[in-house]
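Student: So you can see what is in the structure, the chains are spelled out below.
Protein chains: 2
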Amino acid sequence: MDSEQRKHALALIQQALPELDWTLHAPKVKRLSRDFHWFSPVLKRLLEDKQADAVVRPRSEEELRLLVKTCVQHQLPLILRGGATGNYGQLVPLEGGILVDMTGFNQICELVSGVVRAQAGIRLAEIEMLTRPSGWELRCMPSTYRLASLGGLYGGGFGGIGSINYGPLGAPGNVLSVKVMTMEAEPRILHIPAPQALLLHHAYGSNGIVLEVELALAPVHQWIERLDVFDDFTDALDYADAFARSPGLVKRQLALFAAPIPSYFSHLNGNYQASQHAVISVIAQESEGFCSHLLEKYRGHSAVRQSAEEACEANASLMEYCWNHTTLHALKIDSTLTYLQTAFNYTNYRQQIIDMADLFGDEVISHIEFLRDNDGNITTSGLQLVRYSTEERLNEIMDTFRNNDVKINNPHVYQIEDGKQGEIKPEVVSVKKCLDPKGLLNPGKLRGWDVRDTLVLDNDPLLLTDRYQ
Amino acid sequence: MDSEQRKHALALIQQALPELDWTLHAPKVKRLSRDFHWFSPVLKRLLEDKQADAVVRPRSEEELRLLVKTCVQHQLPLILRGGATGNYGQLVPLEGGILVDMTGFNQICELVSGVVRAQAGIRLAEIEMLTRPSGWELRCMPSTYRLASLGGLYGGGFGGIGSINYGPLGAPGNVLSVKVMTMEAEPRILHIPAPQALLLHHAYGSNGIVLEVELALAPVHQWIERLDVFDDFTDALDYADAFARSPGLVKRQLALFAAPIPSYFSHLNGNYQASQHAVISVIAQESEGFCSHLLEKYRGHSAVRQSAEEACEANASLMEYCWNHTTLHALKIDSTLTYLQTAFNYTNYRQQIIDMADLFGDEVISHIEFLRDNDGNITTSGLQLVRYSTEERLNEIMDTFRNNDVKINNPHVYQIEDGKQGEIKPEVVSVKKCLDPKGLLNPGKLRGWDVRDTLVLDNDPLLLTDRYQ
Numbered sequence: 001m002d003s004e005q006r007k008h009a010l011a012l013i014q015q016a017l018p019e020l021d022w023t024l025h026a027p028k029v030k031r032l033s034r035d036f037h038w039f040s041p042v043l044k045r046l047l048e049d050k051q052a053d054a055v056v057r058p059r060s061e062e063e064l065r066l067l068v069k070t071c072v073q074h075q076l077p078l079i080l081r082g083g084a085t086g087n088y089g090q091l092v093p094l095e096g097g098i099l100v101d102m103t104g105f106n107q108i109c110e111l112v113s114g115v116v117r118a119q120a121g122i123r124l125a126e127i128e129m130l131t132r133p134s135g136w137e138l139r140c141m142p143s144t145y146r147l148a149s150l151g152g153l154y155g156g157g158f159g160g161i162g163s164i165n166y167g168p169l170g171a172p173g174n175v176l177s178v179k180v181m182t183m184e185a186e187p188r189i190l191h192i193p194a195p196q197a198l199l200l201h202h203a204y205g206s207n208g209i210v211l212e213v214e215l216a217l218a219p220v221h222q223w224i225e226r227l228d229v230f231d232d233f234t235d236a237l238d239y240a241d242a243f244a245r246s247p248g249l250v251k252r253q254l255a256l257f258a259a260p261i262p263s264y265f266s267h268l269n270g271n272y273q274a275s276q277h278a279v280i281s282v283i284a285q286e287s288e289g290f291c292s293h294l295l296e297k298y299r300g301h302s303a304v305r306q307s308a309e310e311a312c313e314a315n316a317s318l319m320e321y322c323w324n325h326t327t328l329h330a331l332k333i334d335s336t337l338t339y340l341q342t343a344f345n346y347t348n349y350r351q352q353i354i355d356m357a358d359l360f361g362d363e364v365i366s367h368i369e370f371l372r373d374n375d376g377n378i379t380t381s382g383l384q385l386v387r388y389s390t391e392e393r394l395n396e397i398m399d400t401f402r403n404n405d406v407k408i409n410n411p412h413v414y415q416i417e418d419g420k421q422g423e424i425k426p427e428v429v430s431v432k433k434c435l436d437p438k439g440l441l442n443p444g445k446l447r448g449w450d451v452r453d454t455l456v457l458d459n460d461p462l463l464l465t466d467r468y469q
Numbered sequence: 001m002d003s004e005q006r007k008h009a010l011a012l013i014q015q016a017l018p019e020l021d022w023t024l025h026a027p028k029v030k031r032l033s034r035d036f037h038w039f040s041p042v043l044k045r046l047l048e049d050k051q052a053d054a055v056v057r058p059r060s061e062e063e064l065r066l067l068v069k070t071c072v073q074h075q076l077p078l079i080l081r082g083g084a085t086g087n088y089g090q091l092v093p094l095e096g097g098i099l100v101d102m103t104g105f106n107q108i109c110e111l112v113s114g115v116v117r118a119q120a121g122i123r124l125a126e127i128e129m130l131t132r133p134s135g136w137e138l139r140c141m142p143s144t145y146r147l148a149s150l151g152g153l154y155g156g157g158f159g160g161i162g163s164i165n166y167g168p169l170g171a172p173g174n175v176l177s178v179k180v181m182t183m184e185a186e187p188r189i190l191h192i193p194a195p196q197a198l199l200l201h202h203a204y205g206s207n208g209i210v211l212e213v214e215l216a217l218a219p220v221h222q223w224i225e226r227l228d229v230f231d232d233f234t235d236a237l238d239y240a241d242a243f244a245r246s247p248g249l250v251k252r253q254l255a256l257f258a259a260p261i262p263s264y265f266s267h268l269n270g271n272y273q274a275s276q277h278a279v280i281s282v283i284a285q286e287s288e289g290f291c292s293h294l295l296e297k298y299r300g301h302s303a304v305r306q307s308a309e310e311a312c313e314a315n316a317s318l319m320e321y322c323w324n325h326t327t328l329h330a331l332k333i334d335s336t337l338t339y340l341q342t343a344f345n346y347t348n349y350r351q352q353i354i355d356m357a358d359l360f361g362d363e364v365i366s367h368i369e370f371l372r373d374n375d376g377n378i379t380t381s382g383l384q385l386v387r388y389s390t391e392e393r394l395n396e397i398m399d400t401f402r403n404n405d406v407k408i409n410n411p412h413v414y415q416i417e418d419g420k421q422g423e424i425k426p427e428v429v430s431v432k433k434c435l436d437p438k439g440l441l442n443p444g445k446l447r448g449w450d451v452r453d454t455l456v457l458d459n460d461p462l463l464l465t466d467r468y469q
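As given, the protein sequences belong to chains Y and R, one line each in that order.
The opening residue of the first sequence carries number 1 in the UniProt record's numbering; numbering runs sequentially from there.
The opening residue of the second sequence carries number 1 in the UniProt record's numbering; numbering runs sequentially from there.
Mixed in with the good hints there might be a few duds.
Just so you know, same-sequence chains aren't split out, so a pair can sit in one copy or run between any two.
Derived pair list, reagent style DSSO-like, types lysine-lysine, alpha-carbon separation capped at 27 Å [said to hold, decoys possible]:
{"id": "1", "residue 1": "297", "residue 2": "44"}
{"id": "2", "residue 1": "420", "residue 2": "28"}
{"id": "3", "residue 1": "297", "residue 2": "425"}
{"id": "4", "residue 1": "297", "residue 2": "433"}
{"id": "5", "residue 1": "69", "residue 2": "407"}
FYI, nobody ran anything at the bench for these hints, they're computed from the structure.
Required output: the full structure, derived from the provided sequences and hints.
Tutor: The structure is reproduced here in C-alpha cells:
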C-alpha cells in the first residue's frame, strides 16, 4: 500500500470513527513514532524516514475494537506504542499506518498474593507503587521502569533489574497469562495462559494486540543501593561476581562499569575518580553487612549509598544508571558512542570478559550485567559502549565477539529475527497467522511472516480451539 | 580422666551447685546422651557405651556461667545438647562429662525486617511461628524443624529445606552473628559477627558454647506441597531438575525418591503404586500453574497436594519426608537399611545420578535433594538408602562413589574431620584454642585438637582483640 492509498484509507477510517482521540499534526506524529533506537547510528539512519500516518489513543477496549475492525476493513497497518522506551525501533512503523497509543489502558485488574494482572499501558513504576503496600514488587523490569509500560516490557523487553534472581521475563513462571485482541474484521478477545502466552513475548507487538498481562511478583525487601569503586578492573569484576554467586546474599541488581563509564554519570561522578571502575548493586538490607568484608577483600571503596526509599523520594535511583540507561548517560556526554548487546558463556564469563576488555582496549568499554539464564545459571550480559567509527567496523567488532564464543544480540537491526541470531520459533509466525491473518500489525517487522510459506507452521500454536475464548 | 576421677569431680560440682536442674538417673542420662546416629550401624556400635555422667538444664545464662566455671575448675568435660536430632552423634559425649540441655534458652531476642536473633535452645518451628506473622520464615532448616533447635542447626546442621534458594546455612549471608560463652575459668561472653562466626558452625559445639544465633530470614510465600509420581526414574529426575533450574518457578524444597522409597511412606503410599518414583516439591502458589504443563511433559501424575497451612494444621507436612526424615521413614519399615551422604558434581549431576543408580541397582536406592552450592550453582546431594550387609561393603560402596567423582560426606564417622573428607580449616581448631583452651568441650570430637601442634594456628582467628567483647 503506497502513501496515497494509505492517506485515502486513513481518511475513510477517520470519517467512520471521528469520536476517537486522533493526533494528526505531522511533527507530533513523527515524534510519537520514535523510541530510543537512536542509540544506534545504524538504526538512526535506517529508520529516519519511518513514521505513522496518524496516532490514536483509545480510551476503552470498545474504541480499540472499533479501530481494529475499521483498520482491517481498509487494510491499513496498525502499530502499538507503550512508553516508547525501546531501543530497536520496536514501535517505529515500517510501512506507515495508525500508531495506537496504549497508555489509556493503565489499570490494575487484579492483585492477589504474589500475582498482578494489569492493562498493557500501565507504567511499571505505577504497578510497583500499587503492589508494594501488600509486600510485592516486580520480578524484573528495565531501567526505564518510570516510563516503560507493561505491554512494552512484554512486547519488546527482555528482563533487567531482578533478572539476577528470576532470569529473563520469558523464563517459565514470570508471565502467567495474557489477554489479547485479534487483528481481524471481527476482533476477538482471547485469554492465553503461559507457556503459550510467551509466543507473543518479544515479538514487538507484531503478532497480536496484548491488552493485559498477568505477572508473578517478587516479595519486597528493604533494598540498599550502592555504588562501589575499584582501581583495578578485575577486582571490580571479582567483587561483583562474588556478590552475584553467593546464594545467601540477597540482591536485585548487580552491574559492573569499566572506566571511564562511571565518569559519564554526571550526577554521581563527584564521588570518585574518572579512572575508577564501579559496581552498582541493589542489595537487601540484611545482606549489606557483608559489603565491607567483600570490599576489603577486593580493595574497593564505597562511593554512593542510599536506601531505595530515599532514592525513590529523590527520583535518583542508581537503578537508572544500569542496563540501557548506562548508554543514555554516556551518550549525553559523548554522542559518538554506541553500544553492543552480548551474552557471555556461563561457564567462563570471567575470562571472556577480561579477554574481550584486553582485546579492544578503549574502543569497547565493558558494561556488564549479572543475571540468571533460563536454566538458572548465573551468567553475564554485556551492554558494552563502543567508540563508533563506521558500520563496517561495528560489524567487525561484533564478529570478533562471536568468534570468541560470546553471543551477539544485535541491537543495530530492526527486524525481530536479526536481533535473535537470525532465528525465531516458527510458532511465533504461526501466532501471527492466527491473530493477524492479514499481516497488518507493523508489516515488515517479523521477517518470518514474509517467508511464512517456507516454514512449517502449526495451525493452532496457542491451543486456541475452544480452550481460552 | 577416668570414670572414677570423673565421678569425684562431678560430686564436687554438684556440691558446689546444688540449685541447678540436675538429671542423674543413669538410664535417663543415657537416653539423653543419644541422637539419631543409630541410622548408621557403624556409629551405633562405636557409640554404644558412650554417655554423659549427668545432665544439667540451665535456666539462665548465670546458671550456665556457674556450671562452666565449675567444670573448668574441676576439668570435667561439658557437651551441648539441643533437640538431639543430629545423625552423627554430634551430642554423644565421647569421654563422659556433663551434658548441658540447652532447651531452656528458648527466647527470640530480636526480630526486625528480614533478621531474627534467638537463643540457641529455641526450636526452629517456634522461630517460624513467631516470624511468619511479619512475613518472614527461615532460609534453611532440616526436616526435623519441629524438634531441632537453632543451636543444633548451627552447631551440627548443614542446610536442608530452603537450600535450593539460599545454599547451605554456611553460605555467606545466612548467618549474621553469634553470641558465645567461652569455656574458661572466668567465662567471657563474646559477640562474633560473620564471617568469623562461621568458624563455630558445624563444629558440633566442640569449639565454643553458642548462646544466640542471628539469622537472615526469607520472605514468606504461600507454599503448596506436592508429591508427584512417575513410572520412569529419568522422567522423575528431569521433572525435578526442570523445576529446580527454572529461575521463574519459586520453590522451597525439591527432592527425588526412587522406588521403592515412596512405598516406605506409610501415611502416603495409598496414593500411588510401590513401583513408582516420586518427587516432593514445595512451591509457591503463583508457580503451581506450571506443574500440570511439566507433569504432562515428563509423564508424571499428581498424587498428594496440600497447602502448607493445611499441612501445618494437620501436622502432616511433606517436608517431613525429605532430607534425613526419608531415612527415618524407611528404617521404620526395614531396619536393615542405612544411608549415604553424597555430593554430586554441579556440571554433570544428571548423568552421575543415572550412572550410580544403574551401577548399584537395588542395593543403593536414590534419594536426591536439589540445592544451590556455595557458589550459587544448582546441584544435587544424595541421601541414598543402602541395603546394609557389612561395614566393609559399605566402605566399598562409598569408594565407588568417590571413584566416580561423587563426593562422600561420610555419615558413619563421629569425628568432625572425617565427615568432611578428612579436612577442616585450621582456624576451627584455633577457635577452640581461644574459646576452650583446656579442650573440655566434648573431648575427642575435633581430631585436629589432638594434633594441634602440627597445625599452623592463628592466635586470633575471631579477630577478638578488643573488637567484639
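Student: All hints are to be evaluated individually against the structure, with a verdict given for each.
Tutor: Comparing the hints with the structure gives:
1. 297 to 44: So residue 297 and residue 44 fail the 27 Å test inside a copy (44 Å) and across (45 Å) alike.
2. 420 to 28: neither (32 Å within a copy, 70 Å between copies)
3. 297 to 425: between (45 Å within a copy, 19 Å between copies)
4. 297 to 433: between (56 Å within a copy, 26 Å between copies)
5. 69 to 407: neither (41 Å within a copy, 65 Å between copies)
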